[in-house]
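Start from the sequences, fold in the hints, and give me the full structure.
Residue numbers (our numbering), protein chains in the order written: chain A, 1 to 319; chain B, 1001 to 1262.
Treat the hints as calculated values from the structure; they're not laboratory data.
Treat the hints with caution; some may be incorrect.
[Stated by the list, open to error] DSSO-like cross-link-like pairs, simulated, lysine-lysine; straight-line CA separation at most 30 Å:
1. Lys-1191(B) with Lys-8(A)
2. Lys-1117(B) with Lys-1079(B)
3. Lys-1125(B) with Lys-10(A)
4. Lys-1120(B) with Lys-8(A)
5. Lys-1115(B) with Lys-1057(B)
6. Lys-10(A) with Lys-1115(B)
7. Lys-1125(B) with Lys-1229(B)
8. Lys-1079(B) with Lys-1066(B)
9. Lys-1066(B) with Lys-1125(B)
10. Lys-1079(B) with Lys-188(A)
11. Lys-10(A) with Lys-1120(B)
12. Lys-1117(B) with Lys-188(A)
13. Lys-188(A) with Lys-1125(B)
14. Lys-8(A) with Lys-1125(B)
15. Lys-188(A) with Lys-1115(B)
16. Lys-1120(B) with Lys-188(A)
17. Lys-1115(B) with Lys-8(A)
18. Lys-1117(B) with Lys-10(A)
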Amino acid sequence: MTTRLIMKHKNLVLLLIITIFIFGVFMGTSPQTFLAPDIYQAFLETVPFTGILALGLTLVLVAGEIDLSFPSLMAFASFGFASVVLATKSVLLGLITGLVTGIAVGAFNGFVTTRIGVPSIITTLGMQFLIRGASNLLAAGRARSLQCLLENPLCNVFTGRLGGILPVQAIWFFSLAFVLGLLLFRHKFGDQVLFVGDNPRAATMVGIDVRRVKTYVFMLMGAIAALVGILDCFRLRTWWPTMGDGILMTVMATVFIGGTSMFGGEGSIAGTVIGAFLVGSLEAGIVAAGLSGFWTRFVDGALILIAVIVHTILRMRGE
Amino acid sequence: MFLVEMRNIWKNFGHVTALRGVDFVVGTNEVVGLIGDNGAGKSTLIKILTGVFPPTKGEMYIKGEKIDWRHYSVREAHKMGIETVFQEQALALKQPLWRNIFISRQPTNFLGFIKVKQAKTQTEKLLRSFIGFTGVGIDPETTVRTLSGGERQGVAIARALYFQADLVVMDEPTTALSLQESAKVLEFISKIKEYGKSCVYISHNIADVYSVSDRFVILDRGKVVAEFKREEISRSQLIERLLAYRERGRLGKSDSGNEVKK
Chain A
1 MTTRLIMKHK
11 NLVLLLIITI
21 FIFGVFMGTS
31 PQTFLAPDIY
41 QAFLETVPFT
51 GILALGLTLV
61 LVAGEIDLSF
71 PSLMAFASFG
81 FASVVLATKS
91 VLLGLITGLV
101 TGIAVGAFNG
111 FVTTRIGVPS
121 IITTLGMQFL
131 IRGASNLLAA
141 GRARSLQCLL
151 ENPLCNVFTG
161 RLGGILPVQA
171 IWFFSLAFVL
181 GLLLFRHKFG
191 DQVLFVGDNP
201 RAATMVGIDV
211 RRVKTYVFML
221 MGAIAALVGI
231 LDCFRLRTWW
241 PTMGDGILMT
251 VMATVFIGGT
261 SMFGGEGSIA
271 GTVIGAFLVG
281 SLEAGIVAAG
291 LSGFWTRFVD
301 GALILIAVIV
311 HTILRMRGE
Chain B
1001 MFLVEMRNIW
1011 KNFGHVTALR
1021 GVDFVVGTNE
1031 VVGLIGDNGA
1041 GKSTLIKILT
1051 GVFPPTKGEM
1061 YIKGEKIDWR
1071 HYSVREAHKM
1081 GIETVFQEQA
1091 LALKQPLWRN
1101 IFISRQPTNF
1111 LGFIKVKQAK
1121 TQTEKLLRSF
1131 IGFTGVGIDP
1141 ETTVRTLSGG
1151 ERQGVAIARA
1161 LYFQADLVVM
1171 DEPTTALSLQ
1181 ESAKVLEFIS
1191 KIKEYGKSCV
1201 YISHNIADVY
1211 SVSDRFVILD
1221 RGKVVAEFKR
1231 EEISRSQLIE
1241 RLLAYRERGR
1251 LGKSDSGNEV
1261 KK
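Structure follows, in structure tokens:
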């Protein structure tokens, strides 16, 4: 039974081994950093941002699509949040505005992709430029100070540390991973997402509305991008027009390292969670080891290639 | 009363007329073989029957009830007991058997969460009782891509019968299969008959159609050109008739001037 369980989740087991190995190396090269709790607390504070986005992207990939617009959407949706908060002093209204913006952009991505038939890689590429430009125009390229968030009682829900130890973002990350895992693997909606990504024709034939399911997934991704943008506003108490810049590749790397396939129909939420910590810790580990920051990219790249090659080989063996 | 009765069905795709006034019926506990050349309109007719798309014109009755095309869909067809095993198999290859068997009909709680355990036990039962997959390393967690072509068809048919289908529609189920695998599928079809259900069986392979069907309907360029009961005609006669229609079809085409190259 246990061997079967391991075989079934061999990708995940392997990923765990790689992660433990890499952390082991870091502990060896810089024990004063990696054997102290501080760095792990720091990871729990920073990793959830890419991690939560990666959870959303996992679902998009499982549905057989891709979304490149979420980094810009983070900025765009949270600009809505920031503007409304500054204008009305109501964080709740701001939250609603931000989330609705995210969902609306997601719905538009879904519409153009599924109803008009533009491949999602192109739709969301265009959207990424469009809303980045839009937020720059609307904000006139300037940042927004959100110090007022500190006075809000909701502040503790979105930033800070629970009991002074556990960063709240990490709780958001783990709960979302749990909820999205349930949604994908235990809910009838997730069942449809898996089917749609695996074989859209078959899905249509068994009566699934493929376009609707995909659109819902884009909307979910939009909501997630908005949430991460808002979390970032709370953390920095500032809205930046360049928010999310450069995060795309990190998030994609996370998802692929986690073992989610580019071809749809299969994915791993647990893999994404582990992948997020792996990717998120590399830079710190490399710098702490005394290597130059240039090594980060190199190691990132090597890791991604190794991970996807191994995942692909394991998958072929499974057939 | 017929199980399914289709009257004067027309279907246009743009300027192409795929069906020209087809009448088609299926009786209770009857296996109907639907035969015809490529482009005769078999698949189009079947897709209308199973709710994939509506006809341009025509009426359909299921168990005597008139179908309102505006509300007819694959889902609605399922509800009325019509199940399909399509040419392009409606199975998701990377998913385990239990997801494939129960797709879009999973047992769920009030929040829509799947009762996974229940789905798996029922799949297990189904695998044993209907498909006869026992002890060969196939269980509810097996992914479909590891199954052979015949086994996959078995899963699709089992799925249909499990959901109390009165009519199982099979579109070219043996095309991609070896002889041995085809034999399995034919066995599954005889099971449909044993279970007291009906089947519409579409195939190019006359030998297969002949061996399992009670009645044959020949389609040619969007029209029903002939219909025989099994006892009225021998296998070789059926093949002869079919070849004759095919030949006539070819002549007809060159007459119309569409293919006057040479």
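Results for each hint:
Between Lys-1191(B) and Lys-8(A) the alpha-carbon distance is near 34 Å, which puts this suggested pair outside the 30 Å criterion. At most 30 Å may separate the alpha-carbon atoms for a hinted pair to count; Lys-1117(B) and Lys-1079(B) meet this at roughly 24 Å. Restraint check for Lys-1125(B) and Lys-10(A): satisfied, since their Cα atoms lie roughly 28 Å apart, inside the 30 Å limit. About 16 Å separates the Cα atoms of Lys-1120(B) and Lys-8(A), which keeps this hinted pair within 30 Å; it holds.
Only pairs whose Cα atoms come within 30 Å are accepted, and Lys-1115(B) paired with Lys-1057(B) is rejected, the gap being roughly 42 Å. Simply put, Lys-10(A) and Lys-1115(B) have alpha-carbon atoms about 25 Å apart, close enough for the 30 Å limit, and the pair holds. Between Lys-1125(B) and Lys-1229(B), the direct Cα distance comes to roughly 36 Å. Violation of the 30 Å bound is thereby established for this hinted pair. Pair hint Lys-1079(B) plus Lys-1066(B) holds up; C-alpha atoms about 14 Å apart against a cutoff of 30 Å.
For the proposed pair Lys-1066(B) and Lys-1125(B), the alpha carbon gap of about 36 Å is over 30 Å, so the pair is violated. Annotation: proposed proximity of Lys-1079(B) to Lys-188(A) holds, straight-line Cα distance about 18 Å (limit 30 Å). With a C-alpha separation of about 22 Å, the suggested pair Lys-10(A) and Lys-1120(B) falls inside the 30 Å cut-off, and the hint holds. This hinted pair checks out: Lys-1117(B) and Lys-188(A) have alpha carbons roughly 14 Å apart, not beyond 30 Å.
Among the hinted pairs, Lys-188(A) with Lys-1125(B) is consistent with the structure: their alpha-carbon atoms are about 22 Å apart, no more than 30 Å. Restraint check for Lys-8(A) and Lys-1125(B): satisfied, since their Cα atoms lie roughly 22 Å apart, inside the 30 Å limit. Distance restraint check for Lys-188(A) and Lys-1115(B): the Cα-Cα separation of roughly 10 Å lies within the 30 Å cut-off, and the hinted pair is therefore satisfied. Our distance criterion of 30 Å between C-alpha atoms is met by Lys-1120(B) and Lys-188(A), whose separation comes to about 15 Å.
Of the supplied pair hints, the one linking Lys-1115(B) and Lys-8(A) holds, its CA atoms being roughly 20 Å apart against a limit of 30 Å. The hinted pair formed by Lys-1117(B) and Lys-10(A) meets the criterion: a straight-line CA distance of about 22 Å does not exceed 30 Å.
Violated hints, in rising order: 1, 5, 7 and 9; the structure is consistent with all others.
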